[in-house]
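Read off the chains here:
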Amino acid sequence: GDSVTQTKGPVTLSEGTSLTVNCSYETKQYPTLFWYVQYPGEGPQLLFKVPKANEKGSNRGFEATYDKGTTSFHLQKASVQESDSAVYYCVLGAASSSFSKLVFGQGTSLSVVP
Amino acid sequence: EAAVTQSPRNKVAVTGGKVTLSCNQTNNHNNMYWYRQDTGHGLRLIHYSYGAGSTEKGDIPDGYKASRPSQENFSLILELATPSQTSVYFCASGETGVNTEVFFGKGTRLTVV
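Residue numbers (our numbering), protein chains in the order written: chain A, 34 to 147; chain B, 460 to 572.
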């Protein structure tokens, strides 16, 4: 079945340093890939999505490129801020469904310290 | 703005009791979902619905029922709650179509003792 594996947390970074959260996926279908972010006390919310292979998605300084060859979708940010502290989910959307059946990775908790 | 509201936000239930978690959305979305969130597992799909009157099993439906009496409301029912169902439950809604954005509520923390 479909699955997503991402960097195990928690991850602690200093403000101004760079972030990479690794994500790999398995599917026999042609997927859409998402990154969702969850702040404390909130539900997950969409950070960005990338519907096509070899395209890049970005939002709020975060970016990821969907690499079909390596089945990877790593999240990166050049310089993190304290406000980026949250849990980040790599999410796989199955293209054969008529609705958004999303498969979530286990989440990576990020803490950014001053 | 899109809004998904869950109630209650916190619930303590006894083993063997019946629990109903409620969800209301004002997005006019056809699709609604129930997920549970557990450390190490991310979010896992329990039940979903294409519209009023429909419910479908997700990936982990055992021990759960769902009800969609209207476009706006989607309930998750635990007929006989067990401690293994202690978790945080999220309701979500989304538009019809493949891989559209899904909007989540703030979650319900359920503890079964």
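A hint or two may mislead.
Simulated crosslink set (BS3-like; lysine-lysine; CA at most 25 Å straight-line) [to be verified]: (1) K565(B) <-> K516(B); (2) K565(B) <-> K524(B); (3) K61(A) <-> K565(B); (4) K41(A) <-> K82(A); (5) K101(A) <-> K41(A); (6) K85(A) <-> K61(A); (7) K470(B) <-> K41(A); (8) K524(B) <-> K82(A); (9) K524(B) <-> K470(B).
Calculated from the structure, these hints are not laboratory results.
Which of the listed hints are broken here?
Of the numbered hints, 3, 7 and 8 do not hold.
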